[in-house]
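Asker: Given chain D's structure and the hints, the job is docking chain E onto it.
Chain by chain, the residues run as shown.
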Amino acid sequence: MQQEYILQSFKGVNEPTISRLHNLGLCVGCRMQVIQRYPFHGPVIIEAHHQRIGLRYRVFARLLAEE
Amino acid sequence: MATVALIGNPNTGKMTLFNSLTNKYEYVGNWAGVTVEKKQGQLKDADVTLVDLPGVYSLDPLTKDESVVATYLMQNQPDLILNITNASQLQRNLLLTIEALELARPTVLVLNMVDDLRRTGYDYDLAILQQRLGCAIIETNARSKKGVADVRKAAIEYRQRPTKRLAINYPPMIEQAIRQAEEALVADYHYSATTAHWLAIQFINQNKAIRKYATDKNLQPLLSQQRYYDQQGFADRIFAARQNFIEQTIKAARKPVGNSHDHHLTSRVDRVVTHPVWGPLIFALIFFIMFKLSFDWVGTPLSDMLDGFLSGPVSTTANHLLIQAGALPALRSLVVNGTIAGVGGVLAFIPQIFMLFACISILEDSGYMARAALVTDRLMQLIGLNGKAFIPLIIGFGCNVTGIMAARTIEQPKERLVTTLIMPFMSCSARLPIYSLVVAAFFPRHQALIVLSVYFLGIAVALLVAKCYQVAFHVRQGSVFVIELPEYHLPRPDIIWHGTWDKGKGFIHKAGTIIFAGTVLIWFLSSFGTSGFVTDSTRSFAADLGRWLMPLFRPVGFAHWQVISALFTGILAKEVITSSMMVMFHTSSKAFLIAALGPFMSPAGAYALLVFILLYAPCFATMATIKQETGSTWWMIYSMFSSLGIAYLVAFLTYHIALLIV
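These protein sequence lines map, in sequence, to chains D and E. Under numbering that gives the first Met the number 0, think of the first position of the first sequence as 0, with each following residue one higher. Under numbering that gives the first Met the number 0, think of the first position of the second sequence as 0, with each following residue one higher.
The shape of chain D in the complex, shown without the other chains (with noise of 0.2 Å):
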């Protein structure tokens, strides 16, 4: 039950995150699984090319254009 997003915008996320974020490869138009969602907003765990990465929720809304 891996549900899969596509990657909207870096819009909101500050500097330093979205340089991380394309230090691991992420772009718009990626595609992301998430693996592991924790309650309360907690972090997000998502797989993209093979990896593993943990975000914050904030982040992720914002990935995903929800905020």
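Please keep in mind that the hints were generated in silico from the structure rather than gathered at the bench. Quick reminder that beta carbons are idealized off the backbone N, C-alpha and C, glycines included. Heads up, some of the hints might be wrong.
As the list claims (entries may be wrong) - Here are the in silico distance ranges between beta carbons for each label pair:
| # | chain 1 | residue 1 | chain 2 | residue 2 | range |
| --- | --- | --- | --- | --- | --- |
| 1 | E | R236 | D | E3 | 26 to 34 Å |
| 2 | E | H445 | D | Y4 | 50 to 58 Å |
| 3 | E | D303 | D | Y4 | 49 to 57 Å |
| 4 | D | Y4 | E | Y188 | 43 to 51 Å |
Answerer: Leaving out everything else, chain E in the frame of chain D:
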């Protein structure tokens, strides 16, 4: 002698490869301007120096540590660059590779962890990769030593590598900007064409280290165009062009091999370990076991044995030899009571510290550490820190020194500094003996409860102070918490040993010097008085100091010179407080001391004393570590005085509130 530089992303097994390539390595001081240790090694049986650069994702630095790599590549001309990559994550590893290849130095690309890659059901056609990237490629699996010999051979044959620059098709506007800047830099500033080209790309790509370099050197061709570059969004377009190149390359070179059993182990372990409910429970269990191992099952018994050996046979033998040699009583006292007792007291911590570091190394090497940081991030955000600060703080309960050293894993310098500064409020195990003495004397019926309340007060103060620093340092701005969760690996003993030794030896080497100096100072103060050398410490300078400071401590409830002098010696090491008190009260029995303390102060004063001991000043070893890790004497002094101030304030408040209640 030839120099080979190792660069690569974090979690690529670079360290493992470095350790298997070299037979000995050393830390040759720090990199210029930052407190990152420079690690160099000698290639086995060859006249080649290997320089291990910090693991980075790109040459554009986010942290001070990362800036080392860009600066190194700009100012040094290594004979060969060994770029270590994680084969199963080649896509993102190639971003750094491109930056290195644009430098046009002889480069060899190492595809490490190929076994992990094949487990995902893919492999790369090396000929295609070599042709597209224009550099030699070697496949390795450093953990099982596969391919290490090939890398060694490549390092020795560095002269045979071509120096071809990788040319990526950037958009015409950018190509033109690069060309113009390059020509001006060559003509006006006498850079070589390749260096100028690389500088121009890095500058346009908003590399912070290079922009600072350009400003320092006043490179007008770049600086005058900076606004134009940024307005046109060149950096994003460079990133897009590189991504495009990487995708094409990978698509062309990737070939399926057999069935994918895509990281079965990692998925299965992660399902439990990062579970919202089981995750935190497992986390707590692992840390409980780690503490038990370090401070109960293995570490402490060994420490006690070492302590017994140092304070028993070693001390007696030294004393005996000195008497035979006819040494002055003062000299004998310096060696036996000062050096052996003081330095020995600190050395006795080594088994505990090494045990703890071994546990941490196992957690790091297996890949669990990143998960632990993730699980605790939410909690730490409340005080403006991130999950990576939680583990060091927990370790601080064992020993502040190890805790501060464990804070190295925090990327953000400000967050690391805050973690370091609040560390002394974590009640380390060395404070326990004096707590138990005081509670036995004053709170015999609620011992555990009182000690627990002291621990929690320490945490509360740490959180409050961290919150203040968060506001003062603007920590939240630019807080980054993006954490890579590496594949799980079975820890390998030699890697654990290397990790443990690397972490622990700093404690022996560097802290040893300041502890020695401190020991001698405290010994001097407690063995000399206005009348010269004294055997009765109640007539020593320390006692005088205690008496002199007495009025200052009246408002906090424990105005007794014996206690104050003992606190002073506690700066050396917290466990010394108890023994100092025994000396000051002329007793060698704990029971007698407990009885003697009773009439000296009220329970309110005693609780204020506990609070003061909890907070008042980091011990010498901790101060030495603060200096070493922050790279500044100022922070060490600041830490001492700020905790002194906080301790006085909180003890004062506690005393007066307690007086109202009791």
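Asker: Against this structure, judge whether each hint is valid.
Answerer: So, going through the hints one by one against the coordinates:
1. R236/E <-> E3/D: 26 to 34 Å: 28 Å, holds
2. H445/E <-> Y4/D: 50 to 58 Å: Given a distance of about 54 Å, which is inside 50 to 58 Å, the answer is holds.
3. D303/E <-> Y4/D: 49 to 57 Å: 55 Å, holds
4. Y4/D <-> Y188/E: 43 to 51 Å: 47 Å, holds
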